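Protein chains in written order, with the numbering used here: chain A, 68 to 549; chain B, 2 to 246.
You may find that some hints are simply not true.
Said to hold, decoys possible - Straight-line C-alpha distance at most 27 Å; calculated BS3-like pairs for lysine-lysine:
(1) B:K234 / A:K503
(2) A:K435 / B:K234
(3) A:K414 / A:K84
If you're looking for bench data, these hints aren't it; they were derived computationally from the structure. Small disclaimer: the values here were computed from a predicted structure and weren't measured.
As a plain string of letters, each chain reads:
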Amino acid sequence: MEKALKDHAALAEEFIKDEERVDWHDGALWWIRQKRDIAAKNIPEWEALREAASQIKNNVLSNLHDYLLEFEANAQKNGITVHWAADAEEHNAIVYSILKAKDINQLVKSKSMLTEECHLNEYLIERGVDVINSDLGEYIQQLDNEPPSHIVLPCIHKRKEEIGAIFHEHLGTEKGVSDPTTLTRFARRHLRNVFVTRRAALTGVNFAVAETGEYVVCTNEGNADMGAHLSEVQISSMGIEKIIPKKKHLGVFLRLLARSATGQPITIYSSHFRKPRPGQEMHLILVDYGRSRQLGRPDFRDSLKCIRCGACMNTCPVYRKSGGLSYHNTISGPIGAILAPNLDMRKHADLPFASTLCGSCSNVCPVKINIHEQLYKWRQVIVQEGYAANTKVMGIKAMAWTLSSPASYARIGKAGRWVLNNIPFAVNNKFNPWYKQREMPDGSKGSFGEWYAKNGRNEEEGKQPETTQTPDVPLTDMHHER
Amino acid sequence: MTIGLFIPCYVNQFYPQAAIATLQLLRKLGVDVVYPPKQTCCGQPMANSGFEHLTQECNDLFVENFSRFDYIVAPSASCVLHIKDHLHSADDPALADSIRTKTYELVEFLTDVLQVDTLKATFPHKVGLHQSCHGLRGLHLAQMSELNAAPFSKPVRLLNMVEGLELVDLDRPDDCCGFGGTFCVAEEAVSVKMGKDRVQDHQRSGADYITSVDLSCLMHLEGILQRNRSGLKALHIAEILNATH
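Chain A with its partners taken away, still in its complex shape (with noise of 0.2 Å):
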């Protein structure tokens, strides 16, 4: 993955270059967090509905191993195989071992942010197996050989004409047909005999339920039923965090689930899941993969309430403005940056300083996750342990000595200003990225602490202030009325 060696600075710029489609995706995403705006506000239980999912994944979190052990029995009375995969290797090693006993060499795949996490496609295709994405946007990246760039919506990133030259490209679509019904009915059809075809599928999971043993699959194209139900072969894929104690706490989730995601009240389909059809396979998959880790961080635990709605993704003026592809990670927004170190914090250290800890996402989270402090704390650790470039560490550290006293920093202070006043191309150039695109503050007017020094006393006695300088608004008299 070349990408992966430049940051999200640098793949955010580049994305940023094309301005009009930035406006445009910034445009579409915030058309989202609005429709989900008058979703949540169409609830009044809505902030008590957040309250009660938080705590029910608080009390799976804290209670992970007896609720995996519940499921996992009951599953297995209902008569699915579980399979337990501590990896990314080992969950894929499992779905080909499951395909090759059955001598299956094409599968189809709806929608699973863990199998795209585990590299499942590239790890089946280099052993011979056929995969297919069928959820529309996920078949779209894959066509393009693209990863997704946003959890719920994998192409939001792509302009409908760009969709079109890769129908064109791929499936022999006419050339400059861009209308989106028309190459929906395009991919449908295509898509259809795939289905048939197959006689294997594989879904994600929602939501796995302990007490019974099923778990819910939330679709809006059907596309994970129709893969499921013509299948011989069912496996499904679910991280451990997925589970829920009772049936009663699904009405919870799903009510909050679509509302958060694109402002629906609830996916098309939320199709459950408990047993196979005479004759069928069933194989669930529980992946650990990194969770069990983040569970041990006190810090970063809350992470794993997550329920993959994408609403921080949607909300995040970063992401809007900079596209999911710049995270360069699976899980890309506010919570993959908070997720991807806890995977390998040397390759995504750029990632929880990827935001301006603005606190948007934190607050429509569903499940009250508290990301920006998490983005906080990540920089902390990364620190710490010592994945901050050098030269910000120099920097940081002469900013942290200069404020750490008085007299350096009244000397700095004003030797900056004198600098901004007298030399301003020293810090007007193209090697401070401030001035690129900004003007500098006028440091013409003297500190305060120097006009305190003058002034403040007098003031305080009731005479009038020297007039050193010249604010920008006249300081007139005001009167408090009670």
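Place chain B on chain A using the hints.
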């Protein structure tokens, strides 16, 4: 009641007029205000960059400068939030705790402590309010659009007391401006794009001024406005609440 005036480092160096307006406004409201001269910085630039472990000296200095006051007031939501969230002292944790609870952002102090309900201020201009994220979602100075909760706004309530002032409606009233501390240089392209989009929202709405409780946001937006030779000006809220024309 004696107030320690906390003027953040960059406000002290670049925006003395906002600090002067804060001082004058508080004194005109009958409050005894003292500016401890040996103050520097709250430590936020280091901490947000991942170097919170280097901020102990800033913390100690803050405690030394401000522990004697009844309240500590600053014209900066972001710096106040940093103190409230992260000020700690190895020698005297209880003292640091008490400082954290008595540190206020200016608008919050005027609203919650002084309970100001009239101001004799005049500012006959169209003003767009930029919600600083740390003021909005950190200090909860107003209701954020993310929550399903009753609306309120402390800065709007105060601005509505200013004669002649007309607040304009924005398309995205609480979207971040992209300053973000060292983010503004580390992620220059994203930061500027975010800033440009905020500026455009204010321009579309016909504002003459962008105001905010945070000068860090305004410094960033002003830099963009000036580069583009815009007639739209950035002004800290203290200067508007202290203005007579």
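Starting from K435 (chain A), check that the Cα of K234 (chain B) is at most 27 Å away, please. Between K435 (chain A) and K234 (chain B) the Cα gap is close to 37 Å, so the pair fails against 27 Å, i.e. violated.
Holds or violated: K414 (chain A) to K84 (chain A), with C-alpha atoms at most 27 Å apart: holds, 24 Å
Is the straight-line distance between the alpha-carbon of K234 (chain B) and that of K503 (chain A) 27 Å or less? Within the cut-off at roughly 20 Å; holds.
Comparing the model with each numbered hint stated earlier shows that hint 2 is the single one that does not hold.
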